[in-house]
Amino acid sequence: MDKFDVASSQKYDVYASRLLPKEEYFVGGHRSCQGCGEALAVRWVCKAIGKDAVIAHATGCMEIVSSGFPQTAWVQPWIHVAFENTAAVASGLEAGYKILARKGKLPGRPPKVVAMAGDGGTSDIGLQALSGAMERGHDFTYICWDNEAYMNTGIQRSSSTPYGAMTTTSPPGKRSIGQATWKKNMVAIAVAHGIPYVATACPSYLFDLYFKVKRAVETPGPAYIHILSVCPTGWRSATDLTVRLGRLAVETGVFPLYEVVDGRYHLTIDIPKLRPVKDYLKLQGRFRHLREPEIDFIQRQVLAHYDLLLKKCEAPYPEFPPLSQTEEGE
Amino acid sequence: MAKRVGIEVSLAVSHAVQLARAEAIAAYPITPQTHIVEHLSSLVANGDLEAEFINVESEHSAISACIGTSAAGARTYTATSSQGLALMHEILFIASAMRFPIVMTVANRALSGPLSIWNDHSDIMAARDIGWIQVFVQNGQEAFDHSIMAFKIAEHRRVLLPMIVNLDGFILSHVVEALEFADQDTVDRFLPPYSPWHQLDPKKPVTMGAFGMPEVFAEFKMKHQVTLMNSYDQIMKVWQEWGQLTGRAYHPVEHYKTDGAKILLLTMGCLSEVAEIAVDELRAAGQPVGLLKLRLWRPFPFAALREAVYGAELVIVCDRALSVGGAGGPVLSEVRSVLYPVVPHPKVLGYVIGLGGRDVPPEAFKEIFFQAQAEAEQEPSEEFYMYGVRG
Chain A
61 MDKFDVASSQ KYDVYASRLL PKEEYFVGGH RSCQGCGEAL AVRWVCKAIG
111 KDAVIAHATG CMEIVSSGFP QTAWVQPWIH VAFENTAAVA SGLEAGYKIL
161 ARKGKLPGRP PKVVAMAGDG GTSDIGLQAL SGAMERGHDF TYICWDNEAY
211 MNTGIQRSSS TPYGAMTTTS PPGKRSIGQA TWKKNMVAIA VAHGIPYVAT
261 ACPSYLFDLY FKVKRAVETP GPAYIHILSV CPTGWRSATD LTVRLGRLAV
311 ETGVFPLYEV VDGRYHLTID IPKLRPVKDY LKLQGRFRHL REPEIDFIQR
361 QVLAHYDLLL KKCEAPYPEF PPLSQTEEGE
Chain B
3 MAKRVGIEVS LAVSHAVQLA RAEAIAAYPI TPQTHIVEHL SSLVANGDLE
53 AEFINVESEH SAISACIGTS AAGARTYTAT SSQGLALMHE ILFIASAMRF
103 PIVMTVANRA LSGPLSIWND HSDIMAARDI GWIQVFVQNG QEAFDHSIMA
153 FKIAEHRRVL LPMIVNLDGF ILSHVVEALE FADQDTVDRF LPPYSPWHQL
203 DPKKPVTMGA FGMPEVFAEF KMKHQVTLMN SYDQIMKVWQ EWGQLTGRAY
253 HPVEHYKTDG AKILLLTMGC LSEVAEIAVD ELRAAGQPVG LLKLRLWRPF
303 PFAALREAVY GAELVIVCDR ALSVGGAGGP VLSEVRSVLY PVVPHPKVLG
353 YVIGLGGRDV PPEAFKEIFF QAQAEAEQEP SEEFYMYGVR G
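As you go down the protein sequences, you meet chains A and B in turn.
Take any residue in the first sequence, note its place counting from 1, add 60, and you have its number in my numbering.
Take any residue in the second sequence, note its place counting from 1, add 2, and you have its number in my numbering.
Worth flagging that the hints you see were computed from the coordinates, not collected in a lab.
C-beta atoms are modelled at their ideal positions from N, C-alpha and C, and glycine is treated no differently.
One thing to keep in mind: the hints can contain errors.
Said to hold, decoys possible - In silico BS3-like pairs for lysine-lysine, Cα to Cα no more than 27 Å straight-line:
no., chain 1, residue 1, chain 2, residue 2
1, A, Lys338, A, Lys371
2, A, Lys338, A, Lys82
3, A, Lys82, B, Lys206
4, B, Lys205, A, Lys274
5, B, Lys264, B, Lys205
6, A, Lys274, B, Lys349
Said to hold, decoys possible - Some chain B residues close to chain A (C-beta under 8 Å, calculated; not the full set):
no., residue
7, Asp50
8, Ala53
9, His62
10, Ser63
11, Ala73
12, Ala74
13, His176
14, Val178
15, Ala180
16, Glu182
17, Gly214
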């Protein structure tokens with residue numbers, strides 16, 4: 061999609077909302093916490109993938125809140141198997157539909173296959189299965205709900221937890237500032253697999269998210285979308301600030317919104333002048349213990365990462381060479 | 003018509019899967035299962051089998067992908083061994099609880115450590131309680147036959163459970179045997195195309211894998227238990243049908259020279275053929291011995307085993323796995339437990355043999371026979387015996 065700035069995206073919001081689907085595919089009655097940014101993201105992702113889709117979901121918050129037998133919040137066909145194997149289950153689904161279509165046992169187009177998992181289920185325990193599925197080139201979309209810790213089990217740190225954050229297993233103390241490592245760059249890992257579509261998104265920018273998901277499911281081959289999902293329970297933030305926190309994550313450069321199409325990076329939400337990270341950090345109890353020097357460190361690191369991202373966006377060459385066509389054009 | 007061919011047993015299993023028209027295969031290389039999936043992948047590569055072959059990055063993903071292909075509605079097959087089966091462990095329970103009729107060959111091999119690629123039953127015995135149907139085979143013909151029959155059993159509407167065919171790694175998987183192939187027409191008539199009872203279809207959306215609160219969890223387990231036990235009838239029907247087609251009849255507990263036997267050896271898998279030699283020789287020497295071969299491991303054939311030991315005074319269970327710190331081998335524990343209510347029940351002694359590929363010649367069974375006979379006459383000196391182990 062084309063780059064558009066905040067001002068024009070807001071104008072777009074005014075008239076385009078009527079064009080978005082009114083059908084609900086992730087319906088109310090589920091048990092997510094008040095102010096859950098992830099449930100908001102799920103709702104809009106499911107609208108974007110449409111009814112001809114099959115979802116494989118990992119164990120985690122969104123699975124637990126939505127699928128207690130005999131109830132379900134999922135309108136699309138949905139399967140949960142375990143925590144770490146969602147990409148493998150999705151691989152199987154995709155291959156299964158492929159062979160049924162080839163044998164003429166599947167009327168119409170095979171359904172789109174979408175895998176969904178949290179940040180732990182993606183960047184930690186599910187990384188191997190995800191890497192395998194991306195490398196094998198299955199035609200599927202993988203969506204990571206990133207709430208930056210193991211929220212479902214009680215806010216333990218993951219490799220996606222940001223530097224300095226307090227979690228129940230990265231508590232600040234005399235010898236600890238909280239999470240001591242920088243957030244794992246899952247997007248770069250996905251890009252390194254040479255897959256055609258990778259993007260970040262956040263439900264605070266619904267249109268950006270919606271069109272990225274649409275593009276991902278329509279792209280043949282593997283696609284990966286990393287969605288920042290504000291978690292008031294785990295982030296110790298006010299439940300009415302979810303959308304604003306998502307906006308602040310983008311406006312401070314903590315979580316830039318961009319796409320990597322065929323190995324080429326570009327920002328989809330351009331923030332000409334980044335706000336200080338303090339605006340984002342101070343609204344969250346998980347960063348409450350941080351002092352000025354640590355906040356300064358985070359600020360410098362965020363800017364350094366952002367600069368590097370801009371350089372990647374300006375790079376004259378893609379991250380990997382385009383797939384050259386064979387003689388037969390196949 | 004059926005033809006007789008000389009073929010490596012692993013390849014025979016691949017051809018059985020081909021004849022069964024498996025539609026999806028997800029597998030990861032592990033010795034000694036490799037020849038099966040290597041051959042299957044070449045059958046797929048050459049267009050001799052219309053199937054998707056997923057080269058997954060681990061066994062955990064192999065079984066997970068199999069759940070995916072089965073949920074999509076495709077006839078699904080995989081094979082593994084040892085550490086691979088152990089890596090699948092978590093997902094094996096889920097596959098059966100979700101009622102996906104996946105068929106898997108386990109080329110039985112020891113579990114590490116120390117690392118051993120050689121044959122015993124410690125891999126499958128660690129997966130005893132996964133809720134799958136499980137059979138053991140003793141030769142290439144049985145491996146071939148059961149690989150086809152497994153699909154028919156697993157996919158039956160009243161069963162819908164995954165099934166494992168256990169065949170001993172190397173000493174069965176890698177030998178060349180003469181066996182009778184079934185032709186495609188016969189198999190097609192016996193095994194109709196898979197038509198899934200439950201699948202993920204946007205036209206009829208369902209939620210699969212919902213979690214169970216304490217109010218429903220035990221009911222799910224009860225249903226699983228009842229279904230697995232009830233699958234017995236269907237297993238018998240399928241085996242009979244195959245017997246009528248091929249002339250090869252199979253039973254949950256196979257008897258070998260058990261008429262008038264006071265002492266029964268009990269074995270599983272291909273060591274049964276070695277034990278037969280020992281029984282022949284002992285019988286010739288006038289010993290009242292017979293052999294029971296436990297084919298069906300899950301669901302456990304309670305009635306068939308109790309009937310089989312009728313009149314026997316001593317049952318010698320030969321396990322190829324050890325429950326370290328426990329009551330011996332898993333088969334011993336179960337057989338003892340199953341025979342306890344039989345009045346009068348025979349004495350049951352257990353021998354752990356052939357661990358990690360240790361050779362078990364016919365002489366070993368003869369020695370075990372005499373040793374057990376002597377032990378049975380007094381108070382047994384051990385809970386169970388480790389046969390032929392130094393130190």
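Structure-based check of all given hints:
no., hint, result
1, A/Lys338 / A/Lys371, "holds, 24 Å"
2, A/Lys338 / A/Lys82, "violated, 37 Å"
3, A/Lys82 / B/Lys206, "holds, 21 Å"
4, B/Lys205 / A/Lys274, "holds, 20 Å"
5, B/Lys264 / B/Lys205, "violated, 62 Å"
6, A/Lys274 / B/Lys349, "violated, 69 Å"
7, Asp50, "violated, 15 Å"
8, Ala53, "holds, 6 Å"
9, His62, "holds, 6 Å"
10, Ser63, "holds, 4 Å"
11, Ala73, "holds, 5 Å"
12, Ala74, "holds, 3 Å"
13, His176, "violated, 28 Å"
14, Val178, "violated, 32 Å"
15, Ala180, "violated, 33 Å"
16, Glu182, "violated, 29 Å"
17, Gly214, "holds, 5 Å"
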